[in-house]
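> Take a look at the letters that make up each chain.
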Amino acid sequence: SQKIEQNSEALNIQEGKTATLTCNYTNYSPAYLQWYRQDPGRGPVFLLLIRENEKEKRKERLKVTFDTTLKQSLFHITASQPADSATYLCALDRTNTGFQKLVFGTGTRLLVSP
Amino acid sequence: DTGVSQDPRHKITKRGQNVTFRCDPISEHNRLYWYRQTLGQGPEFLTYFQNEAQLEKSRLLSDRFSAERPKGSFSTLEIQRTEQGDSAMYLCASSRGQGEQETQYFGPGTRLLVL
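Chains as they are written, first to last, in our numbering: chain A, 1 to 114; chain B, 1 to 115.
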């Protein structure tokens with residue numbers, strides 16, 4: 001069956017360090033992968049999209065890599081800040097029907113301490 | 001604030017009651033999605049509208065669930081004869097409809113608690 005796995009344990013890091021979150025998937029061949037941020041009691045907010053033919057994508061302090069051979073995406077936040085504390089979700093599109101039928105991982109909670 | 005609003009933000013109801021949630025997407029967005037999210041899980045796709053047409057429904061959407069988007073603008077999600085297992089956050093998202101690789105903008109969600 002198709003699965004998207006993210007580390008369910010919270011990631012605790014100190015301010016200023018680089019946070020690295022992992023998203024692994026099985027039985028998918030996604031054309032692209034997305035990362036979202038979700039704060040408690042709020043809806044997810046889109047951060048980055050990376051296509052299958054892109055190895056790496058950057059946006060300010062964020063970097064995403066996509067390895068279709070390993071079936072893995074890594075999400076990095078450099079120079080992390082307490083305001084980066086949130087749950088980060090990866091999502092794949094399940095269909096090629098012309099609309100986004102997103103399937104989300106369970107998310108990883110990031111805690112950045114001062 | 002993404003521009004997508006949902007009402008109510010919280011709903012507590014007794015088992016067996018009917019509830020209705022509303023979603024107002026970003027005005028120029030013709031695609032609208034409903035998701036359900038339970039504690040510790042990611043959002044799960046429920047249904048999708050292109051303008052007023054409901055084009056896809058998940059198997060999660062039992063016959064107690066119905067969604068509408070009558071004029072291609074706001075949408076409602078109704079749950080009849082609620083069960084405790086329906087307790088979850090119900091999220092709405094909208095997008096512009098320019099292809100597969102587009103951004104979905106999520107609302108703040110409606111948190112439902114069925115007692």
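To be clear, the hints were calculated from the coordinates, so they are not data collected in a lab. Do not take every clue at face value.
Capping the alpha-carbon separation at 20 Å, the derived lysine to any residue pairs in SDA-like fashion look like this [what the hints assert, rightly or not]: (1) A:Lys3 <-> B:Thr38; (2) A:Lys101 <-> B:Arg59; (3) B:Lys57 <-> A:Val103; (4) A:Lys3 <-> A:Lys63.
On a predicted model such as this, the values are computed, not experimentally measured, just so you know.
> State for each hint whether it applies.
Right, here's what the structure says about each hint:
1. A:Lys3 <-> B:Thr38: Since the Cα atoms of lysine 3 of chain A and threonine 38 of chain B sit roughly 17 Å apart, the hinted pair holds (cutoff 20 Å).
2. A:Lys101 <-> B:Arg59: holds, 13 Å
3. B:Lys57 <-> A:Val103: holds, 14 Å
4. A:Lys3 <-> A:Lys63: Distance ~23 Å between lysine 3 of chain A and lysine 63 of chain A Cα, so the pair is violated.
Hint 4 from the earlier list is the only one contradicted by this structure; the remaining hints agree with it.
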